[in-house]
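Please model the entire structure based on the sequences and the hints provided.
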Amino acid sequence: MNVRPSTARQLGLINCHDCHLLVDADQARTHARCPRCGARLHLRKPNSLARTWALVWAAIVLIVPANVLPITVTITLGAKQADTIMSGVIYFMQTGSWEIAVVIFVASIFVPFAKLSILIFLLLSVRFRSAWRPKDRTTLYRLTELVGRWSMVDIYVVTILVALVKLGAVAAIEAGPAAVYFAAVVVLTMFAAESFDPRLMWDVVEEDV
Amino acid sequence: MRGPQSQPQPPGQSGPAGANAPQSPQVPARLVACPDCDLLHKLTPHEPATLLCSRCGAVLHRHKPDSVARSLALTLTALILFVLSNSFPFLAIKSGGLVQETTLLTGIRELWKQELQGLSCLVLFTCVLVPLVQMIGLLYILAPLQWGRRPALHAARVFRLVQEVAPWGMMEVFMIGILVALVKLGHMATIVPGVSVFSFGVLIFVMAGAYSSLDAPLLWDRLDLRR
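The listed protein sequences derive, respectively, from chains A and V. Note that the working numbering has the first sequence beginning at 7, numbered continuously upward. Note that the working numbering has the second sequence beginning at 378, numbered continuously upward.
Think of the hints as simulated: they come from the structure by calculation, not from any bench. Glycine included, C-beta positions come from ideal geometry on N, C-alpha and C.
FRET-style restraints, in silico, Cβ to Cβ:
(1) V:T567 to A:R46: 45 to 55 angstroms
(2) V:L429 to A:E213: 16 to 26 angstroms
(3) A:V108 to V:K471: 26 to 36 angstroms
(4) V:T427 to A:R46: 27 to 37 angstroms
(5) V:G473 to A:T145: 47 to 57 angstroms
(6) V:I457 to A:A178: 30 to 40 angstroms
(7) V:L530 to A:L149: 35 to 45 angstroms
Here it is in structure tokens:
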């Protein structure tokens, strides 16, 4: 590009979050709605940093009980066995189904932790007005947005097991307390990724040029 | 149907991603701002198949042939498969003389009975309600466009809803959950996959196809009822 690139913000335009119509910021006073799709117009997602921090912190708090408490309780012939997420992964590895162990490990342990770390990194990079590789940071953001939903796998597995296995006295599976905490972590991190505005990273770079 | 010119050029604004290039507001090209980095791009009628943001690499525009007809067909298929998937058991478990079948909905009810109302609602929401809203919403928007009628009442709002709930539709994740549960229970009892597992498996691909053949900028243009 031979001319200096310009952004919608520099030209006083608001990009509608939902239908991507460009609306003149002067016409759109505060709380105005998009003339095409009716979404609320904001130059940037409102309170993006504060909201994302709040959701990230909440997820950090809940991820502890999610990993420490049992996610399933299996009752076989009167004997109770409680499994945490990690002990479930180890169980799969020992019984030889390592593919399943990998799926559960990636979806339930690696992705939530990676997602929280990336979000914290992105938040800090905006906070400290970092100019480091904004393109790669945007890619990281897109990745977190894309991958977060897959963490729900374990919740669904628990759901199916609980619903399916109630064979009277022979065997039953109950959901442990971690199931609720873990579901909350997944939902909170999804909201956190949604409330982060990647354009803030670029704003900071442009302002500091 | 109105062309790409229908979007008004904001008065006094310059065009092709250059701050100091003044131009008249009647250019037959339109501006799009990158949703991820806010950079402005000029979208000309003769775009290449895919336009990527020159700064951050986000997909700004992708040409999709027969978008309306294809999405409509795939959405209809998805709806039929969805009804099938919810009418038949997805797993049956055999242990001793006991046979137990579970459909998606009885599973959700079972969770509710076991005092897990939150999880029960989450599964109902992500695997039943959201996909249903997506499918019915898309049919509502696409059908009138396909047959050359005016867009349906509040179609723009419906499309906004369909796009906003999309991240929460998690049928494909649920499918992986079914597979994991199959393996896990395989150690304990005999598991018989039901009709629903197969229709569900096809459904997630059909649904993904319906969404990826959707041309959002084109739809927004056609649903635009201003004037």
